[in-house]
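> In case you want the letters, here they are:
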Amino acid sequence: MAVAWIGNREAQLQDAAGETAKLLQSSRCPVFSFDTDVHGTRAAIALAERVGAAYDHIDGAVLAHETALFTDRGGMTVAPGEARRRADVVVVVGELPKAYGRFLLELAATKPDLPVAGERAFFSVGDVTPALDGKREATPLVCEGQGLAATLAALRGRCAGRQVSAPVKNFEKFAAALAKARYPVFFYSGQSAAALALEMLQGLISDLNATGRASGLLLPASEGGWGAALASGWMTGFPPRTGFGRGFPEHDPWRFDVARMIADGEADCHVWISDDPQRRPPKATNGCALIACVRTDGPVAGAAVTIGIGQAGLDHDGVVYSAQVGTLIAVDGSSRSDSVAAADILRAIAAGVEAEAALPC
Amino acid sequence: MLTKIAGGDIIDPVNGRSGKGDLWIRDEEIVEPPSGGKADKIFDASGCVVMAGAIDIHSHIGGGNVNTARLLLPEQHAAHLPRPSATPLSNAGWSTFETGCLYAKMGFTTVVEPAMNPGATLHTHLELADIPIIDKATLAILGNDDFLLSLIRDGASEQMIDDYVAWTVGTTRALGVKVINAGAAAAFKENVRNFSLDDVVPSYGVSSRNIVKTLQASVGRLGVPHPLHVHCNNLGVAGAADTAAATIAAAEGRPLHLAHLQFYGYGKEGKRGFSSEAARLAELVNATPEVTIDIGQVMFGQTVTVSSDVMRQFSARGSAHPKKWVIWDGDGNGGGIVPYRYREDFYGTLQWAIGLELFLLITDPWRVFFTTDHPNGAPFTAYPKLFELLMRRDARAAMAEGLSKPAMALSTLSSIDREYTFDEIAIMTRAAPAKLLGLKDRGHLGAGALADVAVYRRGEDIAKMLGSAALVFKNGDLVVQDGAVTHYRWGKALRLNPTPDKAIVKRLEDFHQSRYGLSLDWFSFPDSAIARENPFAEVA
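As you go down the protein sequences, you meet chains D and L in turn.
Taking numbering that gives the first Met the number 0, the leading residue of the first sequence gets 0, the next gets one more, and so forth.
Taking numbering that gives the first Met the number 0, the leading residue of the second sequence gets 0, the next gets one more, and so forth.
Treat the hints as calculated values from the structure; they're not laboratory data.
The beta carbon of each residue, even a glycine, is placed where N, CA and C say it ideally should be.
Just so you know, nobody snuck in bad clues.
Now the in silico label distances, taken between C-beta atoms and shown as ranges:
| # | chain 1 | residue 1 | chain 2 | residue 2 | range |
| --- | --- | --- | --- | --- | --- |
| 1 | D | Gly202 | L | Leu221 | 41 to 49 Å |
| 2 | D | Val352 | L | Asn533 | 23 to 31 Å |
| 3 | D | Val352 | L | Asp39 | 31 to 39 Å |
| 4 | L | Gly445 | D | Lys21 | 48 to 56 Å |
| 5 | L | Asp481 | D | Arg27 | 33 to 41 Å |
| 6 | L | Ala408 | D | Ala116 | 51 to 59 Å |
| 7 | D | Gly100 | L | Arg271 | 50 to 58 Å |
| 8 | D | Asp14 | L | Lys19 | 53 to 61 Å |
| 9 | D | Gln11 | L | Gln158 | 54 to 62 Å |
| 10 | D | Ser333 | L | Gln158 | 33 to 41 Å |
| 11 | D | Val352 | L | Gln480 | 21 to 29 Å |
| 12 | L | Ala408 | D | Asp71 | 40 to 48 Å |
| 13 | L | Lys463 | D | Gln11 | 49 to 57 Å |
| 14 | D | Gly246 | L | Arg271 | 47 to 55 Å |
Taking the hints into account, I'd like the entire structure generated from these sequences.
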C-alpha cells in the first residue's frame, strides 16, 4: 500500500522525504503547523530550526489564549487529581471542550475526600451550562448581555464587595457557597475564554487566596497543543508561534501565527503534520506549497507532497499530554501498524537538508 | 582509542595526586599509564590544571516547574546570536540544549535536578534527556503526598514506609529522596500560611519533624547512598536560622543533607530585623559531622525562583519582579515560580555575604557543596564569578566596596581571610559530590574512573579560567575545546533501581483507582518513551 505521494503520484517514502527537503531548502519562508505527539513535536521543531522555519500548533489560536496567560500574567493552578479530591465548589468557566464532559460527570459522581469527605456544589460562569449527571445542575452565574470577560469582572467585583453595573445572577448563592468552601476550583480552557477573560479569572482566584484557598484547573482546549507548548518550552524557551528565520528562536504570537503568515502571503512552503485522522490540512493557497503529513491512504488534493503517518497511541507508541493526569504520559500503540511515526519521517526529511550538525533529537 | 593529557597540574584529592603529570584515557575510562603505550591522541596540558569533571548536586535544570518558569518569562531568555552550526538549539535561551552546553563549557559533567515531582516523572526525564553532554540525576520529592502522610498518621510499619519510598525511587528512576518544607504544601492546601518543624499538618496530625525523621530513617534503611535531602521549613524568613539549627539537631547522628543553607542564615537583629546568622550555622555544621549542606549562594541580578515549596513561594509573590508569578497545588508538593531581582541593597548584600560566610566558615570542604540553587540564588552561569570570590579575598573586598555598608557591618565576611585552594575546589565540586551521591565512577582521576575530565588553562583571572575550560572530556569524548562545545553527545540519567514490593504496588493501584479514578499505569512509563538510546544508567 502506498504511503507517500509527490503530487498525485505514488512515491517511495524516501523520495517523498527528499522532495520535501528540496522544497524546504528552496523556500524563502517555510512554516510548520503540527498536532502530533511530543516526539513528533520535538522532531518538527528540530527540522524547523534546520530550515529556518516558523512553527505553530494547528490549534494555535486557542492555545495562544492559554500560553498568553503564562507569558503575560501567570496565575494559580491545581493538579487535576488534587482538584478531584479537594474541590468542594466547582466553577465551570465558559464552555469547556467536549472532551472534558466525562471528567465533569466524574466530578458530579464523586465527593471530595480531602481534607474530609464532603459534597460538591457546581456553578457555571457564562451562558453555557455544563452537563452534569442529570441529578443536579450547575447554578449559572450570568450577567445578562455581557460576555465572559465582563461577567468574570463583575463576579470579581462582587466578591471584593464592590458595586457593579451589571448584576450577577445567583451571586448570593455563590457567595454563600464560597463562605463555606475550603477549596473552590475554577475549571477553564482557552476555547471559550480569551486572554483577557483568563486574566480576569486569575485575578479573582488571586483575590480569593488573600484570605482563603482557591485555585484554577486549566483544561487545555487542545491536549496536543499543550503537550506541544511544553516540548517547545524546553527546546526553545518559548511556546509555539516561534520562528527561526533569523537563525535563533524568536517568539511572537502575531508574527509567527502560521495561518496569518499564509493568508498574508508571507509563507511559501507549509508543512502540515497531524496524526489525527479527523483533521485535514487547509487547501494550498496564496502560492504556498503544501506538504501534508497526515494519517491517510491517498494523496491530499493540492499538496505538493503527501506522506502517510501513523497515530501515536494507535499505530505506534508515543508520549502525549493528558489533561486528566495533568502531565505527559506514555501511550502504547494499541493497534500497531507499519505506518511511520511523525518523528521518524521528520527526521528523514531533515536528513535530506544540508547541515553540519546532527539533529538534536 | 588511547588518549594522553600531557604535562598538566593534576589535582585529584581522592587519589592523593597534586602536581605535574600525565593522564591517560582508554575509550571511556581513565587508565594507568600503559607501559610502552603509544597514545592515539595527545593533548598538551602544560600550564593547565587538570581535574575530574565537576558535579553539581543541586540545580533545577528540568521538570514541570522549570518549564513553567520558561513560559512565564519569554522576555528574559531570548537568544541573541545565530546558533553555532555544530550544536543545534544551543543558543536558545534557557533551553535544555543551552543548559548542557553552558555546564560543559565550565567543566561540569554531572548535574542533579533535586526536585522531581513523582507525578510528572516522564516530563522531567524527557527534558533531562534533551540536555546534551552531561549526565543527570534526580531526587524524587516525598513528604507532602497524601499516601505517605496517611501511612505515617496511621502508624504504618517501617517496612511499609520503606516499600513506598523504594517504589517511588524505582518508578521515578531517581537517585535519592528530597523532602521540601515537609508537610507545608499539604497544610497550605488547608489555608495554613506558616509552618515550622514542630507544626502539625491539619487532617493528618503529623508534624514536619515526624515526616523528616521518617524519611531520613527510611532512606538510611534502604541503603540509598545520598542522605535525605532536606529543604527546611521557613526558607527566606528572618529567624529561619533557628529552624535550620533545629533541623541540624534533628539529624541525631544519622546522615542528613540540608539544601541551600544560605536561605536560612537569617537572624532578626538590627533595626531592619534582618541579620546574619551564618557564623552560628557554620559552627553548628562544623560540630555535626553527620550533616552536609549546600549553599545556594545569591549573586546579584535578575533571576527566577523556582521551588516546590509552594507555601513559601506564595508568600513571596508580592516581591515578584517582573510582576507575574505562578503558584500551583500539586498532588504532593506543587510549586511556585516567582521571578526576582537580587539588588545590591541591604537585603541583597546581606544574603550575598551570608552565603560566602557559610562557604568560608564551614571548615570541611567534604561537607559543604557549591551551589546557587540554580536559578534561585543565581543562574549557574554565575559559577565562575563565585569561584573567584571563594579563591580571592581581594575579589570579595572589591565587590563588597560597592555594596550596602550597613549590611556588611552585620556580617563577618570582611574579617575572613580564607581563600579556597584548587585542592579544596576539587573536593567541593568533584570528590565530595561523588561521595555524597554514591557515584564511585566519577569525581576522581584514578584508574577505572569514568573519563570525565576538565582541563583549565591557568591564569590570574579565576572566573575566566574556570568559566571557560580549555578541554573537557565526557566519557573520554572531547566535547569542549577552548571554551566552545564542539559537538553533542547524549548523557544518561543516573538512577537507583530497588525492586518494588508487590504488596505496595497493589496498595498503590487501589489508592490511585479509588482516589484519582486512574490506574497506576498512567504514572509509569517504559524507558523507550524517552526515545534515546539507553537513557538511564543504574548506580550499583
